[in-house]
Amino acid sequence: MPRTARDVVFVDGVRTPFGKAGPKGIYHETRADDMVVNCIRELLRRNPDLDPARIDEVALAATTQIGDQGLTLGRTAGILAGLPQSVPGYSVDRMCAGAMTAVTNVAGGVSFGAYDIAVAGGVEHMGRHPMGEGVDPNPRFVSEKLVDESALFMGMTAENLHDRLPHITKRRADEYAVRSQEKAAKAYANGKIQADLVPVSVRRTNAEAGETGWGLATADEPMRPGTTLENLASLKTPFRPHGRVTAGNAAGLNDGATASLIAAEDVARELGLPVKMRLVAYSFAGVEPEVMGIGPVPATEKALARAGLSIDDIGLFEINEAFAVQVLSLLDHYGIADDDPRVNQYGGAIAFGHPLASSGVRLMTQLARQFEEQPDVRYGITTMCVGFGMGGTVIWENPHFEGAGK
Amino acid sequence: MTTTAELLKGAAELFPDEVVTRAHVRHLDLPGGVGRFALITLDNGLDHTKPTTFGPQSLAHLDAAIDQVEQEASDGTIVGVGITGKPFIFAVGADLKGVELLKRHEDAYAIGKGGHDVFKRLSSLAVPTFAYYNGAAMGGGVEVGLHCTYRTVSKAVPAFSLPEVFLGLVPGWGGCVLLPNLIGADRAVSVVIENSLNQNRQLKGAQVFELGIADALFEGADFLEQSLTWTASVLGGGTEVVRAEVDRGEAWDQAVARGRAIADSKVHGAAPAAYRALEIIAAAKNGDLREGFEAESRALADLIMGGELRSGIYAFNLVQKRAKRPAGAPDKSLARPVTKVGVVGAGLMASQLALLFARRLEVPVVLTDIDQERVDKGVGYVHGEIDKLLLKGRVNQDKANRLKGLVSGSLDKAAAFGDADFVIEAVFEEMGVKQQVFAEVEAAVPAHAILATNTSSLSVSEMASKLKHPERVVGFHFFNPVAVLPLLEIVRAERTDDASLATAFAVAKSLKKTAVLVKDAPAFVVNRVLTRFMGEVQNVIDEGTPIEVAEKAVQPLGLPMSPLELLELVGPAIGLHVSETLHGAFPDRFTVSPNLAAVVKAGKRGFYTHDSGKPELDPEVLALLKQGDTVLTEEQARERVLDAVAQEIGLMLDEGVVAEAQDIDLCLITGAGWPFHLGGVTPYLDRAGVSERVNGKRFLAPGIASVPA
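Taken in order, these protein sequences are the chains called X and V. Residue 45 in this note's numbering sits at position 45 of the first sequence; the count goes up by one each step and never skips. Convert by adding 1000 to the 1-based position in the second sequence; the result is the number in this note's numbering.
There's no promise every hint is true.
To be verified - Far from chain V, by Cβ distances over 10 Å, these chain X residues were calculated:
| hint | residue |
| --- | --- |
| 1 | G109 |
| 2 | N138 |
| 3 | E175 |
| 4 | E211 |
| 5 | G213 |
| 6 | H333 |
| 7 | D340 |
| 8 | E402 |
To be verified - Examples of chain V residues lying across from chain X (beta carbon under 8 Å, computed):
| hint | residue |
| --- | --- |
| 9 | R1026 |
| 10 | D1215 |
| 11 | E1219 |
| 12 | D1222 |
| 13 | L1224 |
| 14 | L1228 |
| 15 | S1233 |
| 16 | Q1320 |
None of these hints come from the bench; they were simulated from the model. If you're wondering where the values come from, they're calculated on a predicted model, not measured in any experiment. Heads up, the beta-carbon is just placed ideally off N, CA and C, and yes, glycines get one too.
Here chain V stands alone, though its shape is the one from the complex:
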């Protein structure tokens, strides 16, 4: 039989670059003369910007620390054992870099088993154990505390979660089993499933206490002192810890059913992690920890060796790392300061942009339009939105006053933009209009000012071509709703210079947007992929496949809504317009659907009615449709659509629209809400063999968003 130490040693050899967390054992006298106490501090020796994690060597250090305190406990030289973290951080779980390197099922299993073997020792010492959640705690960090007899939490804890399901794993070091047995299955489902699938929502310290995960809550100022004083009181008999009884009846099954419904609504069965976690939670009802831990280790190993987890980690790295260092962006030292912003147009999009610039850059923003009424309406919209923020408590009165003071309107571009550093236009999508606007703006602005366009489909290079200084023009394509979707496609036109581009990226960063550098190609990234995708779905329908079949065919992609629901959100007229534009650019691949044109002509807002409360196909729309007689099965329809998407992305990469496939996925995740847990779309296309079939090669090398060879 392999010992824990051997198991961890083997795992450590696979992960030589681990940032090792030490487990320092220090002794102290508890207040009130209660006795000698051993306190373990988890610390990776770095500051709070590099949170403490667990890899194999870290687990071995904790194991050794527990060896020491176990001996002291059985010798009777200590009365209790505590565990806490370095300042601001408790521990944030397993080191994902190590997980990415695992190639064999048995190695993945060893990580799960190793964690269990170490952590569960904390529940079987000769003395009680205490976890003091002093700061951020996630995943394995939360779990190590769950194995302790008691827990306290700081009110100052900003983030506490079991994010495994979000990434494509299960809480596999005790979380699935211990949490429902501690706080009941329903609350456990909220933490493990609901929060995780809700963009990895975090709990605050007070909520951790309210949920019953922690037995006591103390303020940040003297959290550890008060936790140790409380510990002394618990050990001395002055404080009795009372926990709510866990309902092991029907409530448990209902909780699991609720979890399944949440998973269905979020991932539509397209990712296994949530369902695996729910199976373990369901089985944990009988309170058998040993069996539960074994199920966790098996689930971890299966998921680590599956593509979905690798896709989840891939997506995590995209939004956490690649998004912060956009591929191809010029040196940021070239960026010029932006101290005033101009917005041409005062329509809804322009007003949203004005609000965003004012809130994030906190510099004056001037809206211009062709008449006073429009200008007033635009400024009025922004001021109204600021009032809403004030009502919601998102800004205080002083900040609201400041923001309102920053946003003004003008009819006189020369006066309004004379000292602007950055002017963005959001006027009607027509080349002649945009060129005219840019010419007027150029006449008004200082020499260094950047001219940006929010165009979604026009050529930025052409827009710049008639200016005296085309080098200062960039595309700045936002996604609607601007305040919600993080993506910003930054378009480098033919003559855009590095300083202008660097300034655009610096502005994007201040706006807290995920900026991706794209080439000046028709419809850039998101709209091109989406239009090809929707166009192919429409083609399949037009040729004769029933709408229901076509809609269902793409469900495994785990999209936030079906293609026709998306069409309804975008508006059929806009969808049609974009398909026409792209048809103009690439007539052999992008079609213009006569059925869609008929729907638009009839003034319909979509294919569905919502009168019954749920979407039903509108009979009036059905009457408009002229379908062929080629009826595809779901599989055939899916193949058609996926082939089209794979082909289009392959061509975009060949054209150099973006640097790498990673950027396509980053765009789809942050600009179109494509599924995080699938890593966007290229990992799925690789895994399903579509890329190979259509393009003769994968998008991503083996080991990227997949198990390494």
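Chain X with its partners taken away, still in its complex shape:
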């Protein structure tokens, strides 16, 4: 039968405020599934014209799929969110690019004609599920030297990337980090972030962590506005003596959840749903696991090639800041200045936090806001590095584009 690929659009995206993982974090006593359920319900509240029965799939990512992140989260969270039982769901894992992969998966399904509308998102509660919980790496990785032993430790891979690109110094990374905090604080002051946050009720019973009882998470907990180079210079380099990677120029360990609505453009228009971004192309690429931070470079190359675009066509960048060095490696590759105004206008994960499998949709939600504000921009990308040596890039088109600039 003849088949036409359909245009896929990003209808809407929301997230919980991100928290610091650990006993003193705001989400320490909050379940991961409840967090992502909150996001799904907020999407439905914000889009009352969408009949929930029209949702054809719920794809939710988590890196550690056990406990409150297990049990086929896409299905169970759908039921917990009150979606009709007829709406199916499944779980996705590509570590840090989990939510991004959930989006590209359902986008592929929409384009193919299998879905009209889908929910895609992710959650990672790194307090309840620390990185590496329950892993059992095959001993052949080491015995046959398939990967370097440092490949499983993300901070070490970031140090490795500094080794490979010695012109990216600790000072450059710290300067980048300070700017990220400044931009994030400014975005908050200008109300750019709050509009896409869904508040989460949080309980605390441990008095050592602060006031007890029910509270409400309404803002990102990890942010450190006012961070200076001097502050950062004094931080320890936990992954290597006299190294370059610190808690200040990397994203922390965080708890958070995101969700988005992905739809066929014609269906979104028919239902009167917003069209915030149009999907142009996406690619994932693999690199040596011990320098996983370089992953966005080949992923972006591949996506641009598939889209028939060049880097000069891209007017806005949302790059996940797992480590400053990883962002800088991409910028250097394309000859983009460290402080280029097109890059991470609202700041990034160094300020907001990076709850692994949830972050991809945060990038998209922020890019969508920037598209709306900047109709002179036609294309933007969201890109991130992924553990075990991967990168992922999605190219988006601005539906508000007025043809003025690029």
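Fit chain V to the supplied structure of chain X, relying on the hints for placement.
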């Protein structure tokens, strides 16, 4: 003048074992930049199976929390105050264990006053207050929210009530006064009186909103988030809360009159709580909260110091606690699994039992009888009842299919019972027939199977005596209608072993019945007490007292129906048969009324006709009666009847028919519908001095179902 803190400190000393509820104050930023907000969480530190309650120390903690937020409100550092509960529970009211310990009127008054003094502060802060009913809310839990400016409720709230009147109290921390002023007197009467007296019926979250108690309703998934977002909108001016105008005219008086009619029909004036609550609701019409709160505190103190409340708490403890741990039951680890049930007989009682076993145990149930027609009729009845459950939506189609598949009939006991673990007989009440049936069943069943009998009057030991293994026989006496009355008298026969008895109790628990262990004595508990009671009423009539006087004489017992109405329900022939049986056992105390025999002989179904729509004495029955010329007054008649009941219960306890008087009351409440609010009957007999007069001692020690000495 005593401060609230001193008042509560004094009360706390009387109740050292209180499970203390903390009031945690936590601050948060409301969405939308509306401002800083203080949220109080009520939490006793235990999980949801131990609901949060209020005792004196808990009230003191809430008082201290309000001190803090009051200061912050007047300093302008917060824009509002909220109050909510731990997961699944808001708060379920006053801690009854503390109430039981109170011995002095002033201490009881202090509890009422202390609650008011703390709660009412929530209505006079410098900022609005919000209650978020996130889970179960009862009594004082409901009331603390009523003092707030606004309320939200979760759709997931399974139980919301003011159960005080049910227990013998009034909602005394603001409920009687604030609720009618919030939602109108008629709706308040429904909550305070009607639901309470309807076996403590609970409201669900959506109903709380529909009644106007809550201003907003949100789903359980993100109830608190949405409540706080709504709060931000109310405080920010985006949402205006509009409530229905309360009708303070004639409707208020009519509502109170309706409440009185409900109370009359339920407790017949025999319990004061509902009437006290209605007095306060009536007075609340003028909107004077201060006067109303004082009336509540006084009513609480009076009722706490009265026997009726103690009886209500006693009954509550019987059905909530004693019923779950039956006195004298063997260790439950001895119980054997029951994976298939046999029912001998396919008549109405047997069919009801088959339905109950299939529904609750969800194992195959086989009915047997002497011919195919009876078997088919029995199975047909059960299948028909399952269809009715399906129509009512009580079970879905899959469950109905499953239940029908479980219930079958057979003429061949050997085939039907060869792998049964539990076989109950419900055949004709005659010893020879029952012994024959048990002999046949024993030949068919595996060695471990329990043989149970639903006999109401025959000796279980005698029934077992001819078996090879009498140790596996138990009495399993249900009450009609089986699906409605919770009681199950479990009879230990002379040779019943612990494993069989433990299995019987385990089965009873799965059937969701209230099991009471009774000795193999004539007519066990309920029928013996009822028969002695009705027999004495009949004696009084037979000797010459007019029927109306005899019927009215026992009204203070608050029975669900009069003795002759009960006779009609049971059927005069059955009543006569049971009185004959007990007369056989105890000829000096149980009489057989010649008048009753005449009524039965004439084929009459009762003493009343119902042609006019209400019961009137049947002239044809009156013509049959031969009365003597001893005419008693109501008081004299009552004394005669109560003395007989007290004597019989005293003798039953001496014989060891049950472990304690508590078991008699539990049986009467759950098997005969005797009044919960009077604690069955022994608290009443103690309070009225009957026990002392007849037996020379009380049934219950002072402090049990009465104010401690």
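Going down the list of hints, with the structure as the test:
Residue-level check passed: G109/X sits 26 Å from the nearest beta carbon of chain V, beyond 10 Å. Under the 10 Å C-beta cut-off, the non-interface status given to N138/X relative to chain V holds; the minimum distance is some 40 Å. No beta-carbon of chain V is positioned within 10 Å of the beta-carbon of E175/X; the least distance is around 31 Å. For E211/X, the shortest C-beta to C-beta distance to chain V comes to about 4 Å, within the 10 Å cut-off, and the non-interface label is violated.
The Cβ of G213/X does not lie farther than 10 Å from every Cβ of chain V; its closest approach is about 3 Å, which violates its non-interface assignment. No beta-carbon of chain V comes within 10 Å of the beta-carbon of H333/X; the shortest separation is about 41 Å. Non-interface call for D340/X relative to chain V: holds, since the shortest CB-CB distance, roughly 32 Å, exceeds 10 Å. Residue-level check passed: E402/X sits 31 Å from the nearest beta carbon of chain V, beyond 10 Å.
Proximity of R1026/V to chain X holds as hinted, the smallest CB-CB distance being about 4 Å (cut-off 8 Å). Hint status for D1215/V relative to chain X: violated, with the closest Cβ pair at about 19 Å, above 8 Å. Taking 8 Å as the C-beta contact cut-off toward chain X, the hint placing E1219/V at the interface holds, the least distance being around 7 Å. Annotation: D1222/V was flagged as interfacial toward chain X, and the flag holds, the nearest CB pair being 5 Å apart, inside 8 Å.
For the restraint placing L1224/V at the interface with chain X, the shortest Cβ-Cβ distance is roughly 4 Å, inside the 8 Å limit, so the hint holds. Because the beta carbon of L1228/V sits about 5 Å from the nearest beta carbon in chain X, less than 8 Å, this interface hint is met. Of the supplied interface hints, the one on S1233/V is violated, with its beta-carbon coming no nearer than about 13 Å to a beta-carbon of chain X, more than 8 Å. Taken as an interface hint, Q1320/V does not check out: its beta carbon lies about 28 Å from the nearest beta carbon of chain X, beyond 8 Å.
Going down the numbered hints, you'll see the structure goes against 4, 5, 10, 15 and 16, while the others check out.
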